[in-house]
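Undergrad: One letter stands for each residue in the lines below.
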Amino acid sequence: MRIVVGMKWVPGTTSVRIDPKTGTLIREGVPSIVNPHDMPAVELSLRLKDKYKGEVIAISMAPPPALKGLEYLIGMGVDRGILVSDRAFAGADTLATSYVIAKTIEKINREIGKVDLVIFGQETIDSSTAHIGAQTASWLNWPYIYYVHDAKFVDSKFVVERVLEDAVEEWEVELPAIIATHMKALKPRPVRLINKIRYKVEKPIMTWTNAELKLDPRCIGLKGSPTIVSKTVNVPEVPRKKIVYTPKSGEDAAKWIIETLMKDDKASKVLMKYLSMEGEAQ
Amino acid sequence: MSSIPTRFDVVVVGAGPAGSAAAYLLAKKGFSVLLVERGKGLGDKNMFGGKVYAQPIREVWPELDKEAPIHRWVTKERISMVDGEKVLTVEYRTEKKVSFVTYLTQLTQWMIKKAEGAGALLASEVTVEEILMRDNRVVGIRSGPDVIEADAVIDAEGVNRLLLERLGLVKKLDPDTVGLGVKEVLKVGEGNIESRFGLDKKEGLAWAIVGDITKGIPGGGFIYTNKDTVSMGLVLHLSKKLLDEGSFEGHVSSLIEGFRLHPYFKPYWKDAIISEYGGHLTITDAIKFAPSRFAYPGLLIAGDAAGLLLSLGYTFRGVDYAVYSGKLAADAVEYARNNGGVNYENLQVYDDYIRKSFMYEEIMRHRGAITLMNSFELMSKYPKLLTKVMEKMFEAEYKHEVIYNSLLQALKEEGISPFNLISQAFMMVKGI
Amino acid sequence: MSQSKGEEKPIKLEDILQSDVWDVDEDPHIIVDSEKCLECPTKPCIYLCPAGCYVKAGDRVIFSYEGCVECGTCRVICPMDAVKWNYPKSGKGILYRFA
Ligand SMILES: Cc1cc2nc3c(=O)[nH]c(=O)nc-3n(C[C@H](O)[C@H](O)[C@H](O)COP(=O)(O)OP(=O)(O)OC[C@H]3O[C@@H](n4cnc5c(N)ncnc54)[C@H](O)[C@@H]3O)c2cc1C
Ligand code: SF4
Ligand code: SF4
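Chains as they are written, first to last, in the numbering used here: chain B, 1 to 282; chain X, 1001 to 1432; chain E, 2001 to 2099.
Honestly, I wouldn't trust all of these hints.
[What the hints assert, rightly or not] Covered stretches of chain B (chain E as the covering partner; in silico rule of three or more C-beta atoms under 8 Å from a C-beta of chain E):
1) 11-18
2) 27-40
3) 193-201
[Unchecked claim] Below 25 Å or equal to it, Euclidean Cα-Cα: the simulated DMTMM-like pairs (lysine to aspartate or glutamate) are:
4) B:K241 - E:D2081
5) B:K49 - B:E161
6) E:K2084 - X:D1176
7) E:K2036 - X:E1245
8) E:K2084 - X:D1146
9) B:K248 - B:E237
10) B:K223 - B:E161
11) B:K68 - E:D2015
12) E:K2056 - X:D1228
13) X:K1171 - E:D2033
14) X:K1240 - X:D1212
15) E:K2009 - B:E237
16) X:K1392 - X:D1200
17) X:K1266 - E:D2025
18) E:K2009 - X:E1257
19) E:K2012 - X:E1249
20) B:K255 - E:D2059
21) B:K248 - E:D2025
22) B:K152 - B:D265
23) B:K187 - E:D2025
24) X:K1097 - X:D1271
25) E:K2084 - X:D1174
26) B:K242 - E:D2081
Rather than coming from a laboratory, the hints here were simulated on the basis of the structure.
For every residue, glycine included, the Cβ atom is placed at its ideal position computed from N, Cα and C.
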């Protein structure tokens, strides 16, 4: 099967700090990484390839530095990467981004071969919209299932498992389809030396600009993006207490937690409120 | 998958200064070279103090001065003796471009790009797990399930030599031979660097600190001025004695914070925020640390892994030694090729190259340096004498005069009799 | 985030470490046999690990690998041979930028 997996090259948000003097973000020296949510998606695509053969193509709509991320995925075992990169795509919101991605998938379908499955991560650490999978599916009119943690063929039918809070659902899906893995679905495999050598020797990377994709300028980039950011708020970090308690038993642990929370003014209020709400509901 | 090479002429493990220099020269000489580095971005695992001696590196890259990410050329050398709040500082000024300050992350990145540009194949984000031995000969490396074979492997893995230990070529790291370096990079601002340290644009300062700044643990402190930041930190010798006594006065971070807040030093970084904090081991006893041989069948050891570091208390020469040993390793491989093949008999010349190099000679000559350094306060009585000695200590492209010799020489030049100096020193020590 | 502004007080290690960047590996690269720590007379790792990865909790020592700066000190100083030490895989771990 031919699987396309999406990758976003994001700033490592845990390393973005705030200048105590100016209150602005310190961007200098913040390295970018592969969006961690995409890792289980890549892992699932590679597991499917291990099982059913075929190829995995990673795509990323991003400026050229994202090549580093595609290199990482190829290091894991992805067959090739397509960087979709053009100034005209800059400033895109999720709508314009998903449009470009959908058109990229169509182009792969036409020119490289039939795409059976597209896998995205659930969301990104730098915006957390979780839009891309659903929007791309809408553009393509393909089925979409999210929170997936496994997928397989059962009697030539494609079955995906998705995890909800209290249940695991199995869905039979008609291919081609789009799925999004949930954050902790699968542990990604490490980068392999042989794959990195292959990356350097074969350079299995293509760059597609809008000259190749030929998309209407009104539908892409800033112009194709109706989203407006009206306001941003700085939420200060809550200082942690960092208490370590070694419980004797599970019961002891629960008791200790309740006791400790009740000793705290704020925590006890929240706790009491919640407990009284529970009482009302009954 | 058949087109993917699994055999190279040379595999270099570790893209630090040593590995990058070896890979660069070998690729330039036409060998197929695989350079394997565990880091993600280039240079992001490399951490050091801050001052690099240029001349040995120019032998590999004559374009160094023009192209490398040099923050500032060192024009001021300072040494301070700290005793509580009392500080004695000596400063020496020079115009010569002998050493420069930079971030090792940036310098290494530059070197790796040079190696790649020359045709070495860089595989980053890959940790080598094993150097492979067959019939008493190193034949390649392994990472995960992947094996790559080579005529020669150059081990440039740095001070923390997991691979050589696993091979059984060196013993587990002995605390008596290494020290822990901790460092803070403080964002001071470009203009502030110049005004506070009394420097011109492009001019830099290297500052060594000895005394109780390490709270009784043998070692010392350092300060280097980068473009708009200051690198400052401590090196603490990890002796068995220290570990046995276990008498720590607090966490190491409290030592470096004590240094940062020392009343004499803190005005230099007033209002600065911490840009980075790091820790790394460094060699404190190069002779004990060195492997018994530098060349083994199929294997050459370069840089820190080979114990090639000169630590004089006031100066570290690790980066230039690493680069230079990388060059010697490349020379040895080339010699072997031109003399019948890259086999052990021919590669053994590397051992000779190292032992005859200025680096090895220097390390042997300066065995007792640190002890002598500790008594240098007696020299403060003779500022003129001291500048002479300093000149001999710092203005060296390759060879540093042994302090004792520079002292004697300077004494002679200044017409002071050693007897006089000793009696003066004695009086001083009694007076403290 | 509490960051230094040349304040007079020493900055706490956990705040100093805010200045660093990691790409944390899924698996720990260092594994500590905490049973051995119970018997360890001097527990030097508590003082000498520059990243404060070893924390004393009663007579136990709790180790967490996430903030490790990969210096190798704990490997060298542990008198009980309790530290199984490796480098992280796939380029993970500390990412120095100004070192
Ligand atoms: C606190 C401190 C201050 C210092 N100050 C100075 C100074 O001011 N001036 C100076 O000249 N020197 C200084 N040094 C010494 C200097 O940093 C070293 O001598 C120099 O970096 C050695 O270079 P190298 O290439 O041998 O090793 P390293 O720079 O350590 O490089 C080794 C490389 O190998 C990689 N590696 C290791 N194992 C593997 C593996 N298994 N697989 C793949 N990759 C691997 C590492 O990621 C690393 O990139 C200082 C050192 C310290 C700790
Ligand atoms: S030094 Fe070793 S045995 Fe002792 S507490 Fe630390 S990790 Fe445990
Ligand atoms: S390697 Fe260094 S930073 Fe990491 S846990 Fe050990 S002592 Fe701490």
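Undergrad: Taking the hints in turn, state whether each one holds.
TA: Cross-check of the supplied hints:
For the stretch 11-18 of chain B, the stated coverage by chain E holds: 5 residues have a C-beta nearer than 8 Å to a C-beta of that chain, and at least 3 were required. Evaluation of the coverage hint for the stretch 27-40 of chain B: fulfilled, as 4 residues show C-beta separations to chain E shorter than 8 Å, against a requirement of three. With 0 residues bearing a CB less than 8 Å from a CB of chain E, the stretch 193-201 of chain B misses the requirement of three and the coverage assertion fails. This hinted pair does not check out: K241 (chain B) and D2081 (chain E) have alpha carbons roughly 32 Å apart, beyond 25 Å.
For the hint pairing K49 (chain B) with E161 (chain B), the CA-to-CA distance comes to about 17 Å; that is within 25 Å, so the pair holds. Taking the CA atoms of K2084 (chain E) and D1176 (chain X), the gap is near 21 Å; set against the 25 Å cutoff, the hint holds. The straight-line distance between the Cα atoms of K2036 (chain E) and E1245 (chain X) is roughly 19 Å, inside the 25 Å bound, and the hint therefore holds. With a C-alpha separation of about 23 Å, the suggested pairing of K2084 (chain E) with D1146 (chain X) holds against the 25 Å cut-off.
Taken as a hint, the K248 (chain B) and E237 (chain B) pair is broken in the structure, with Cα atoms around 32 Å apart against an allowance of 25 Å. A hinted pair counts as satisfied when its Cα atoms are at most 25 Å apart, and K223 (chain B) with E161 (chain B) does not qualify at roughly 38 Å. A hinted pair counts as satisfied when its Cα atoms are at most 25 Å apart, and K68 (chain B) with D2015 (chain E) does not qualify at roughly 30 Å. Pair hint K2056 (chain E) plus D1228 (chain X) does not hold up; C-alpha atoms about 38 Å apart against a cutoff of 25 Å.
The suggested pairing of K1171 (chain X) with D2033 (chain E) holds, with an alpha-carbon distance near 22 Å, which does not exceed 25 Å. Distance hint between K1240 (chain X) and D1212 (chain X) is fulfilled; the C-alpha atoms sit about 20 Å from each other, no more than 25 Å. Using a Cα cut-off of 25 Å, the hinted pair K2009 (chain E) and E237 (chain B) holds, with the two alpha carbons roughly 21 Å apart. As the CA atoms of K1392 (chain X) and D1200 (chain X) are separated by approximately 24 Å, the hinted pair is consistent with the 25 Å bound.
Taken as a hint, the K1266 (chain X) and D2025 (chain E) pair is broken in the structure, with Cα atoms around 37 Å apart against an allowance of 25 Å. In summary, the hint linking K2009 (chain E) to E1257 (chain X) is supported, as the alpha carbons are separated by about 9 Å, within the 25 Å threshold. This hinted pair checks out: K2012 (chain E) and E1249 (chain X) have alpha carbons roughly 16 Å apart, not beyond 25 Å. Straight-line distance between C-alpha atoms of K255 (chain B) and D2059 (chain E) comes to about 23 Å, which keeps the hinted pair within the 25 Å bound.
As the CA atoms of K248 (chain B) and D2025 (chain E) are separated by approximately 31 Å, the hinted pair breaks the 25 Å bound. A distance of roughly 51 Å separates the Cα atoms of K152 (chain B) and D265 (chain B); the hinted pair therefore is violated under the 25 Å criterion. A C-alpha spacing of about 10 Å is found between K187 (chain B) and D2025 (chain E), which places the hinted pair at or below 25 Å, so the restraint holds. For the suggested pair K1097 (chain X) and D1271 (chain X), the alpha carbons sit about 31 Å apart, so the restraint of at most 25 Å is broken.
At roughly 16 Å between alpha-carbon atoms, K2084 (chain E) and D1174 (chain X) fall within 25 Å of each other, so this suggested pair holds. A C-alpha spacing of about 29 Å is found between K242 (chain B) and D2081 (chain E), which places the hinted pair above 25 Å, so the restraint is violated.
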